[in-house]
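Colleague: Sequence:
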Amino acid sequence: MNADERRPMTLHDQLLAAEQKAAALPARAHAAPEWCVFATRAGCCSKKYECRRLAGIVRVVPQVECNPNCPRAVPSLKIGAVITAFNEGDEVRATVESLLGSVRGDRTEVRVVLVDDGSTDGSCDGFGEDDGRVVVVHHEEPQGIGRSRNEGAARALELGANVVTFHDAHMRFDAPPDWPHAWGPLEHLARRALQDDAIVCSGTRGLKEGSNRSWVCDLFYNSTDGLQAKWRHVGGRQQPTEEWPESPCMMGAGYVLSADTLRKLSGATGALWEDTAGRWGFSEQALSVKAFLMRIPVRFSRDVWLPHLYRDKNPVPAAGTEHWKNVAVSMRRLLGPEVFDDRFQAFCEARLGADGLAEVLAGVEGGEPAWRRDPLDVFEMLCGKRAVPGREHPELAALAEALYGEGTAEDAEGAENGRERQRTAMEGNERQDTTTEGNERQEAA
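Just so you know, we're using numbering that gives the first Met the number 0 here: the sequence shown kicks off at 0 and counts up by one.
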């Protein structure tokens, strides 16, 4: 026995031998399975030896039995990345180049759909001339974020995307130095979206070094925002543990959906994004409500934190008015006239005026489509809490009965008492939450 035969096999040698074994396996009569080299202890696999530095026991398995993190365990990714821009200056090019440069997988194809929403600074000029991966849609006049995203999504599907993502034009997508995967952060989100009928979101942090990290976003009913989104900031005892936790609301402009999920959400109301009445505001809240009503979860990634430029001033003129236009239209359409009249009409009228609100709502339908949840679920959302099995929630039941049931005089009195308790609770939430950093970030994004 020579020295080479006595030497223990390294992991690299094991991988090489395993690939040779896989190549020699006979094809089945009906189909030849794809074989993966799997390092069982390392929990990853590859045909290019990414596992060579990890301690693992190598074996060969059919692709269908492989670890979910295998680069070949999902179909090829065809990502349609929708980026909306309005007078973003140099940030547009930095964002597009960062996104395209972040792709690592050899089974990933990315097309960027850049929607120039009436920019006057020339920031979107020249794209697509020297790179066929970028398609530009120009608006002569600003149409707003919701309409721009809907148009971009339709274009991405036309280009054959099986995953569609949505981003602002002031973000970065590069993998951090300790990134553990053979694919990039955006691909990580896209892989999950293909495996799960969900809206998949990244965490967020500012572009500046040392900025706070935020992930998972709560949603509160109040008179200041209609539905207020509030980040959970990471730090101290608030540390992310679960890999893909559910969230009440999406936020952060790193949103990823499979083409199937996108079509399902769009088919319910005729469009994916509901914020089409005003130029800005309430995008994430409205889509999160629609997903909630359709039982499509919103999930955040524990491991992906996309840097985002948070500004001190909103560049959209009269942003507050635009926000409330979107609140009015989306809540009337999604929740129906009864819930809208009881929970949102007074707030919208105070911001838009009676005539302005009537103009915004002209032609907006609010029926009872089959995809809606039970009314009690809606009130659980609006009241900021969930019903606990086996525990009575009289205020929720009273509200639902008052708006959806025939009701009696006693029911009506109980409903009013429930409303009063809820108003008191919500006023407390408003005092606590109206100046939060999460709200400031939402206004500045």
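There's no promise every hint is true.
What the hints assert, rightly or not - The following label-pair restraints were derived from C-beta to C-beta distances:
| hint | residue 1 | residue 2 | range |
| --- | --- | --- | --- |
| 1 | S210 | E364 | 41 to 49 Å |
| 2 | G100 | G209 | 41 to 49 Å |
| 3 | R212 | R310 | 13 to 21 Å |
| 4 | S75 | G100 | 15 to 23 Å |
| 5 | A317 | R106 | 43 to 51 Å |
| 6 | S75 | D341 | 28 to 36 Å |
| 7 | D217 | D195 | 20 to 28 Å |
| 8 | S210 | A361 | 38 to 46 Å |
| 9 | R106 | A357 | 50 to 58 Å |
Calculated from the structure, these hints are not laboratory results.
Here the structure is a predicted model, which is why all the values come from computation and not from measurement.
Even glycine gets a Cβ: it sits at the ideal position worked out from N, Cα and C.
Colleague: None of the hints should be skipped; say for each whether it holds.
Modeller: Results of checking the hints against the structure:
Checking the proposed 41 to 49 Å range against S210 and E364 shows it holds: the Cβ atoms sit about 42 Å from each other. For the pair G100 and G209, the supplied restraint of 41 to 49 Å is violated, since their beta-carbon distance comes to about 23 Å. Between R212 and R310 the Cβ separation comes to about 18 Å, which falls inside the hinted range of 13 to 21 Å. At about 20 Å, the CB distance of S75 to G100 agrees with the hint of 15 to 23 Å.
For A317 paired with R106, a C-beta distance near 46 Å keeps the hint of 43 to 51 Å intact. The supplied range of 28 to 36 Å is broken by S75 and D341, whose beta-carbon atoms lie about 48 Å from each other. Separated by about 21 Å at the C-beta atoms, D217 and D195 satisfy the suggested range of 20 to 28 Å. Distance hint for S210 and A361: a CB-CB separation of about 43 Å, consistent with the stated range 38 to 46 Å.
Take R106 and A357: their Cβ atoms lie about 52 Å apart, and the range 50 to 58 Å holds.
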